[in-house]
Amino acid sequence: MTTSEIQFDVPADPVVEGPVLQVEDLHVSFPSEAGRVQAVRGLSYHVSPGEVLGIVGESGSGKSVSSLAVMGLLPSSARITGSIKFQGRELIGRGDSELSKIRGRRISMVFQDPLSALTPVYTVGDQIAEAILVHRKGAVSKAAAAKRAVELLDLVGIPNAAERAKAFPHEFSGGMRQRAVIAMAIANDPDLIIADEPTTALDVTVQAQVLQLLETAQEVTGAGIVIITHDLGVVAGFADRLMVMYAGRAVEKGKVDEIYQQPRMPYTLGLLGSIPRLDVGEKQALVPITGQPPSLTDLPPGCPFAPRCPMVVDACHTAEPPLIEVDGSDEHHAACIRTGEIAATDAEGAEAAAEIFGAEVVEEPEIAKVPREQRDIVLGLDHVVKEYAVNKGVVFKRRVGTVHAVAGITFDIREGETLGLVGESGCGKTTTLMEILGLEKPMGGEISVLGTNVSSLDSKRRFEIRRDMSVVFQDPMASLDPRLTINDVIAEPMQVHGYSKDAINRRVPELMRLVGLRPEQLSRYPGEFSGGQRQRIGIARALALEPKLVVLDEPVSALDVSIQAGVINLLEELKSKLGLAYLFVAHDLSVVRHIADRVAVMYLGKIVEIGEVDSVFDAPRHPYTQALLSAIPIPDPVKERQRERILLTGDLPSPANPPSGCRFRTRCFLHASLPPEKQRTCIELEPPREVQAPDHEAACHFAQIRQVL
Amino acid sequence: MAGFLLRRLVNYVVLALVATFLAFTLASATFDPIGVLQQRNPPPPAASIEAKKRDLHLDQPIPQRFVTWMSGVVQGDFGRTITDRPITDELGRRIGVSLRLFLLGITIGILFGVLLGVVSAIRQYKFSDYFATLFSFILLSTPVFVLGTLLKMGAQGINDSIGSNVLIFVGEETPGFQGNWFEHLGDRLQHLIVPTLTIALGQIAYYSRYQRSSMLDVLGSDFLRTAQAKGLTRRKALFKHGLRTALIPMATLFAFGFGLLVVGGTFTERIFGWFGMGDWLVTGISAQDTNITATVTLFVAVCVLFSGWLADVLYAALDPRIRVN
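Protein sequences appear in the order of chains B and H.
Be aware that the first sequence starts at 1, since it is given in full-length UniProt numbering, and climbs by one per residue.
Be aware that the second sequence starts at 1, since it is given in full-length UniProt numbering, and climbs by one per residue.
Each computed DSS-like pair below joins lysine-lysine, with the alpha-carbon atoms no more than 30 Å apart:
1) LYS101/B x LYS126/H
2) LYS166/B x LYS101/B
3) LYS85/B x LYS236/H
4) LYS101/B x LYS85/B
5) LYS142/B x LYS240/H
6) LYS166/B x LYS236/H
7) LYS126/H x LYS240/H
8) LYS236/H x LYS101/B
9) LYS147/B x LYS166/B
It should be emphasised that the hints constitute simulated quantities derived from the structure, not laboratory data.
These numbers come from a predicted model, not from an experiment.
Same shape as in the complex, but just chain B (with noise of 0.2 Å):
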């Protein structure tokens, strides 16, 4: 083994007919204080060499857990019966060692979360090589395997791998440290990888990355991949298969076309219906999914979405509906006594969901129909700036340098209005809120609130200013003290601002109407409440003191795609009713087209395009943009197979150190391509915001439009 052409695969894996993995009949069930928790309840599903099955489902589903079981890694304290069969070997029953065996070698796996996917203490190059060793002691030397991790970190597109190797993983940045999780995971050319949630904690240009990448993975080692996700729109170009689960159950499953254009359990209708499109010009109804998943530790007899189901009879109630071919595909099976009825509905896919859900397009605010520009300004930027010193030594402080976390940026929101705010994280998003909300005078250009610029304001009108402008968090469970009842949340904002007390309860269980809680709920803790009746909590205590400007801090990320739905819903009608104007930052690009009439882009600290949604969405003319929504992915199989991504290389610069000139050029695919003359243009001049179009601006000396939906 001296040449760097390793082939570790000598003996040929044996060639197995028949499915990689067939589960059969999987129960799986822990011990809790309220009872055995019977997580996965009967589930049947195979996976053939070289094919993509999706699972999909809402946390608690059963799906994560389905999968630990065939690892083998569930905790002892887990019950589990039925079959899982790898390569037609049955794996229950065998013992952590023999397991260990095939773990790694045949079976591998990729987990949700990066930054807590390897161990800190050692380096990275020598995390892989761990995994090649373990599985040939004696056959591969330590050097060996050190090099081989080296090729397989260039294989995973991690640049200048041989140095990177000698990384610790704090050094790398969480889509570089998924990449060596798929490192290791393809090491020893397995069979089957699983991914659970492989992109859900990353940006969406590192997600498109890490798809694409896997796709790279399966081409490599042919081996049948499993992946795991709550995001439709992850698996519609990737998986072949699709299998979506409820409850611990499999409710429906089939080829990943006819799932999504023939949906036939109100569940994945919902589902569907529930997630805003990227795709969609004109306004979308989203399909709120009523009510939680149900509790598992016992569940009532009859099908389990049974009280969260539009299509409800009392037949549903009896017993638990088998899965049943339907369309008379016997690839195509669905757990619902109604799949004949809904067959019969003429629209397909989320209309069909739109319809039967009964979900309606919310109106748009009546100040709508003035023109923009007779509107007020609510909230004006004008070149505001942010900086942060870096200092060194522990006595004597010396600047070593400076974040420019907010360079300049100038924008405004106008009455009743919603304007997006959109970038990868680090790009400043967070910093420009927290500037908006401190009233404070920026370091550099100037915030206006209401027509009142807030550098001249003394501290008693700083005061009375803040009930114009409110705030709602990211997080439901940490923006709510857990000591105080819902009541006292409520209330707060306004006995701090001199109400009265009859002013205060007769207001607190009306704003609990208005987000649509029941005012006898006011007495209970957050603790009593799940994430979206959380975040609708959070939202009453910002309406409290009637601002006139709601800024929303990622307000439904932290939230499952069918409670997602219901408080986009009632953001918008709350909009509507109340003429609200909302700051809305997201990463999420196909909520910010759903929701907002205005979009600013921002990357490095600075607005790269901003204008009309439709505008910018459609005819994007800076190829950050362009890059940002090609990354989104699309809940359709067809339009997103035969999508063409552009791929952004690398990871966001360090603001602390900006590229000069266009700070987007060292990861730009249109400066790539242009001849080295007009590429000094970039490298020297910084891009001023030209208007492209009526209300759209970018910041690109060659923009030019190019359609990437």
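Position chain H against the provided structure of chain B, taking the given hints into account.
Showing chain H alone in chain B's frame:
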């Protein structure tokens, strides 16, 4: 990194000086060695009292006395005791006695404490975990002098049943013992076993609780699952990836535990008649001896600050995330 540690070391020297100065001032201001002298019966002649005052520099203001004492310390002279014996002579011997007792006790305590904590964590809510928890809580709530006395009684029982004095629990060696170096070693070991056990048991109980909780944090972590997914057996993943990471927060505890115990072991030294540093502090205070008190305080300060420094070094060695350039 080396520069960082060096700067830390300089800071520590200043801190040690401040601590010693405070102890010296406090002792000088409250002790009244002349009063003790005057109450002797028959009272010593006035001339010798005056001479004693001069010897002890009691005619000087306290800060000046400190400077006088410190300038001796810098040259390796820690002054004289009230009974006019050079402190420096005794210092080395006493440090040796303390270190012999505590280094062994702490090493055993750390090793078995970590082991017990890990086993407890892995077998959480099983019999062995409950047993370890009970064992730890009983030991942690037992005062050292009770534990020491109980162990003495136990050792006596063992000696009686064997019919020979195998476990010796008074002093650190048999006075006037004759024999070659090997026999000397055996004699010292016989003296060491019971006091070491007294220290080690408490340390095991203490460290096992912390190790258990730090290991539990790691047990649910994603990287442990990744290690198993690669094909490591659970046991191997637990030790190579789990324990290695769970040891990081323990580094500070280990280091400071050592620093504090060297003097915190006063009871143990007194119970077993070992003339170490802890014993000396008590002797010094009861004799109203400023020099002994200040010397022991300086030693404690150096121990604690060295531990802090050691914790930094250990941290950097264990955790690549905090290695700074």
